[in-house]
Structures are given as structure tokens and as C-alpha cells.
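Between the sequences and the hints, there should be enough to build the whole structure, so can you do that?
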Amino acid sequence: MSRESSIRFVAVVAALCVLCVGVSGCASISSGGYEFKSGITPPAVVSNLMQNKTVVLFITQNNCPDCEQTRPLIANLQSQYSGENVTFVNFNVNDNMTSQSVAKTYGVTSTPTTIVLRKDGAAASFVGVFDPNTVKSAIDDARTTY
Amino acid sequence: MDVDEQAKKIKDWAKRYAEKQGIQLNPDEERVDEVAKGLAVRQEKFGKRYCPCRVMTGDAKEDRKIICPCVYHEEELKAHGMCHCKLFSTKEE
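Protein chains in written order, with numbering that gives the first Met the number 0: chain A, 0 to 145; chain B, 0 to 92.
Keep in mind that the hints were calculated from the coordinates and are not lab data.
Warning: the hint list may mix true and false statements.
To be verified - Where chain A lies over chain B, by a calculated footprint (3+ residues, C-beta under 8 Å):
id	stretch
1	31-39
2	47-59
3	79-89
Quantities reported herein were computed from a predicted structural model and do not represent experimental measurements.
Note that the Cβ used here is the ideal one computed from N, Cα and C, for glycine as well.
See the structure below:
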């Protein structure tokens, strides 16, 4: 191998390493199309809920039609995971500063946003009326991965 | 002006806007009424038609982007045939 080829080879390997480390360090993309993003420090109100549990945050606002449409889907999931160490919490950003702070921490700009949190704090977000099967897969992933 | 009256005015405005833009109001009238009411409530409270499905930041410059019709609606109509709050939709062929 010539000197030029060796340098090119090393550069390609280094680039691939950086790419792999970057991807695995930030997010893991599932076959379901959602991804768990890490690196977000949960606010105290959320970390208190986690305590070795999977947590599902449901971020809503008043007078948001899709929030009302999504509420029964959340209730249905909640009943499916009853007694399964999964906590569902609704934060209405119109209610108080705590809810606003939670929304801001997770970069929520539209409602409803449903966020599945793994025990390590990594978060998968679903904006709008979600497909229940996809969110269920994310919850199952969150429960089994960490 | 009460909220219902304001919502009706907003609905009339939205219809005119849609016609002008070559789009339409969501054919689901119940949905249009819900969004118009949400817009009316925010207009009453904050003085502008802030989208009821988007989170206000408190930064006036940033929040200007979500005054209906928001800066995102054209892209959303192109991508999904509807804006995020489902007030406007593209015309059915």
C-alpha cells in the first residue's frame, strides 16, 4: 500500500469511528422509526418519577383539539401497562411553570407531544395523534433496554 | 366580544384566507370550530391569534411565528396536506 493510500485508509477508518461513536452516544434508532435521544437531564419533577421506572410524559395545552383526541389513546395505554412499572404523567403547559419547564427541557414546540423515557433518561418523542402500536413498541423497548 | 363571537370572526377570516391562497378549510367543520375557538381564546388572552397547538415561548419575536397563519403551515400543507392544527388543508383533486 502506497503512503497516499495508507493515509486515505486511516482517514476513512477515523471518520467511520467518529460517526459510530457519535451515533451511539446520542441516539439509537429503532426499526419502528422512533429514536431514543440521550443527553437530556430530566428536571427534578421528572427524575423523581423515574426511580427505576419507565415514564411516559403527555404534554398538552388547553383548547388543543389533538390533545383531546390523544387523551383516550394515553388512557388505553395506561390501562394496558397497569401494574407494570410504567408511569404516565400529563403536563399541561397552561397549568404552571413546572409543566412549562418540562416542555422546554424536552424541546416541545407543538402539542400534544408524548415522550417515552427510558430508565437512563433517554427520550423518544411523538408529536400529534400517535399510532398506539408505535408508542407501545417504544414503551416495550424502554422497559427492556435499560 | 365573547369567545364564540370571536371564533366565528376567525372562522370567516380563515375561510377568506384559504380561498385567497388556493387552499381550503378542513372539510371537518367540527375540527375547524375547535381550532377557531382555541385561536379566539388565545386572541382574547394574549391579543393575537396564537396557534392553540403550538407552545408559546414568551419571546414576542419567536411567538410571532405561531400567529395563525403560522410560518410553518405552507410546508406542512405541502408535506401532509394539512397544517399541524388541521385548520387548513389542501384542496382535494
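Using C-beta distances, would you say chain A covers the stretch 47-59 of chain B, given that this needs three or more residues below 8 Å?
Holds: 4 residues of the stretch 47-59 of chain B have a Cβ under 8 Å from chain A.
Under a C-beta cut-off of less than 8 Å, do 3 or more residues of the stretch 31-39 of chain B approach chain A closely enough to confirm the stated coverage?
Our answer is that it holds, as 4 residues pass the Cβ test (under 8 Å) against chain A, meeting three.
When I compare C-beta atoms, does the stretch 79-89 of chain B have three or more residues closer than 8 Å to chain A?
holds (count 3)
Violation of the numbered hints given earlier is absent; every hint is satisfied by the structure.
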